[in-house]
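Trainee: Modelling step: build the complete structure from the supplied sequences, incorporating the hints.
4 protein chains.
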Amino acid sequence: MRIDQIETELSIEAEEKRGPHPVNQQVSRRLKNIEGQVRGIQRMVDEEQYCVDILTQISAVRAALNSVGMLILRRHIDTCVTNAIKAGGEGRVQIIDELMSMLSKARL
Amino acid sequence: MRIDQIETELSIEAEEKRGPHPVNQQVSRRLKNIEGQVRGIQRMVDEEQYCVDILTQISAVRAALNSVGMLILRRHIDTCVTNAIKAGGEGRVQIIDELMSMLSKARL
Amino acid sequence: MRIDQIETELSIEAEEKRGPHPVNQQVSRRLKNIEGQVRGIQRMVDEEQYCVDILTQISAVRAALNSVGMLILRRHIDTCVTNAIKAGGEGRVQIIDELMSMLSKARL
Amino acid sequence: MRIDQIETELSIEAEEKRGPHPVNQQVSRRLKNIEGQVRGIQRMVDEEQYCVDILTQISAVRAALNSVGMLILRRHIDTCVTNAIKAGGEGRVQIIDELMSMLSKARL
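The listed protein sequences correspond, in order, to chains A, B, C and D. When the letters of the first sequence are read in order and numbered with the working numbering, they come out as residues 10 to 117. When the letters of the second sequence are read in order and numbered with the working numbering, they come out as residues 10 to 117. When the letters of the third sequence are read in order and numbered with the working numbering, they come out as residues 10 to 117. When the letters of the fourth sequence are read in order and numbered with the working numbering, they come out as residues 10 to 117.
Simulated from the structure, these hints should not be mistaken for lab results. Just so we're clear, the structure is a prediction, and the values are computed from it rather than from any experiment. Built from N, CA and C at the ideal position, the CB exists for glycine as well.
Ranges of calculated distance between the beta carbons of each label pair, as one might list FRET restraints:
{"hint": "1", "chain 1": "A", "residue 1": "69", "chain 2": "B", "residue 2": "95", "range": "27 to 35 Å"}
{"hint": "2", "chain 1": "D", "residue 1": "31", "chain 2": "A", "residue 2": "42", "range": "41 to 49 Å"}
{"hint": "3", "chain 1": "B", "residue 1": "72", "chain 2": "D", "residue 2": "55", "range": "33 to 41 Å"}
{"hint": "4", "chain 1": "B", "residue 1": "59", "chain 2": "C", "residue 2": "38", "range": "45 to 53 Å"}
{"hint": "5", "chain 1": "B", "residue 1": "32", "chain 2": "A", "residue 2": "72", "range": "18 to 26 Å"}
{"hint": "6", "chain 1": "A", "residue 1": "100", "chain 2": "D", "residue 2": "65", "range": "39 to 47 Å"}
{"hint": "7", "chain 1": "D", "residue 1": "37", "chain 2": "B", "residue 2": "55", "range": "44 to 52 Å"}
{"hint": "8", "chain 1": "B", "residue 1": "97", "chain 2": "A", "residue 2": "88", "range": "53 to 61 Å"}
Calculated cross-link-like contacts (lysine-lysine; reagent style DSSO-like; alpha-carbon spacing at most 27 Å):
{"hint": "9", "chain 1": "A", "residue 1": "95", "chain 2": "D", "residue 2": "95"}
{"hint": "10", "chain 1": "B", "residue 1": "114", "chain 2": "C", "residue 2": "114"}
{"hint": "11", "chain 1": "C", "residue 1": "114", "chain 2": "D", "residue 2": "41"}
Mentor: Structure (structure tokens):
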């Protein structure tokens, strides 16, 4: 067994011990909240609450989704984009094309 | 029993028969879908799917929320805003102020 | 000449004296500023200034455009929409359809 | 004169010959158009044209600004961000922090 294989095995073990990535935990927690907020809006609609209050809640959920999106985008740039840029070549161009097209659609 | 009580009872009965407003039903159905989409994103995060695919799903949920918002806004304008404008006076100014401030925050 | 005709003539005269609507003056002033801001961005690009500073300026112009849009939307609701709602009938439905389609495109 | 000085001088000369970066030319052309569009809106306001048509034009200018922003963002990522990521260290973290904060404000 080569030394780098040992390292890989160790890091897989570490991975298993430490569970999901801390960003994922944060993202999961926020998505749970967003799910609850969506159910809250449903309740407001069922109870025929005031439209403007419902619309304000919808804006709040949108803002919450955006901040989850920023966490995931950050991780994408810190990992995939960074690795592709370091590797260079066609992969670099492709990942930046993909990033730009996603940002365009997400309406920068 | 006074005549207006009878009318009220009749209209409550009518209300019970006709169930919730059709826009509410449409809004409820869409909110249920959005809840499912949010759970889908959670699954993608748990399964460590590709960040860009997750971000694309987040954009889709945002678009779905916007279209629910438009349904509710339409009903608000068709009912509350229309009534306040017909009644005129200070109520008219107030409801338009409130509408504008909500649209500003919701980032027109 | 009836008294209300006199009033109308007086108010037309007042209109001529007072020049454009005060909202129009405010909108014009802001559009002049926006034009200057756009030229400022052009200068930044010519001088090869830092991209992030240029992007920050672009966001500022977008915010300025939005606030001009809100002034115009407010006036539209205060005048055309209000009149159509008071008049009722098909015109009311049409103007609200038009408003909603415009708000959708302007991405609520 | 050292060989790298000669190279620098040659590349400065090349720079002078080739004039501004092609992206800058494209950006300049679009900013000129946007300036014209803003003046067009001013004319519409002066001529008291229909509010909804003015609002549609404002949306068009906003879309044009966004596409200029995307060109500049692309160049920023292709140059500054790419270089900082290749260099690594604190500079990499700083430039990604700056990018994220700009994208947040520009409302992803």
